[in-house]
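Asker: Sequence:
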Amino acid sequence: MKLRIFVNLLAMDGSKIENGNIVIPIERNGLYVKKLEGHDDITTSVTASFVAWELTERSKYGDTHLLKRNLSKEQREAMTPEQLQKMPIMGRVRPIEKKEGGGDNDKAY
69 MKLRIFVNLL AMDGSKIENG NIVIPIERNG LYVKKLEGHD DITTSVTASF
119 VAWELTERSK YGDTHLLKRN LSKEQREAMT PEQLQKMPIM GRVRPIEKKE
169 GGGDNDKAY
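Heads up, our numbering is the position in the sequence shown plus 68, with the first residue counted as 1.
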């Protein structure tokens, strides 16, 4: 399956990277492709499943969890502890604090 997704790539300083490409193999990375009903040739979305792992202590940025790819039981059992540890971190999570006197848009979820 050929699938292209275009995103604006930004450098660490916030400047746009011209002609940058990201290639992510679909099956190998556990991505799920949703097709438009009745149209096998039209992709409507590509999603991934992640699991949040609690950190032993908050990071200097207030993060309480990190996100890694969610693996099936078979995939996890086939990997060594070292391989599991070296899985890339896809993101970090921290609680959203409700601001004092805020409106409904400031609720923590």
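Hints are supplied without guarantee of correctness; some may be wrong.
What the hints assert, rightly or not - Computed cross-link-like contacts, DSS-like style, restricted to lysine-lysine with a CA-CA straight-line distance of at most 25 Å:
no., residue 1, residue 2
1, LYS128, LYS102
2, LYS128, LYS141
3, LYS166, LYS128
4, LYS141, LYS102
5, LYS136, LYS102
6, LYS154, LYS128
7, LYS167, LYS128
Worth flagging that the hints you see were computed from the coordinates, not collected in a lab.
Asker: Now tell me if each hint is right for this structure.
Answerer: Here is how each hint holds up against the structure:
Taking the CA atoms of LYS128 and LYS102, the gap is near 38 Å; set against the 25 Å cutoff, the hint is violated. A C-alpha spacing of about 32 Å is found between LYS128 and LYS141, which places the hinted pair above 25 Å, so the restraint is violated. Note on LYS166 and LYS128: the hinted pairing holds, with a Cα-Cα distance of about 20 Å set against a maximum of 25 Å. Our distance criterion of 25 Å between C-alpha atoms is met by LYS141 and LYS102, whose separation comes to about 23 Å.
Proposed proximity of LYS136 and LYS102 is supported: the alpha carbons are some 21 Å apart, at most 25 Å. For a cut-off of 25 Å, the pair hint linking LYS154 to LYS128 stands: about 21 Å separates their Cα positions. Restraint check: the Cα-Cα separation between LYS167 and LYS128 comes to about 21 Å, which is no more than 25 Å; the hinted pair holds.
In this structure, the hints that do not hold are numbers 1, 2, in rising order.
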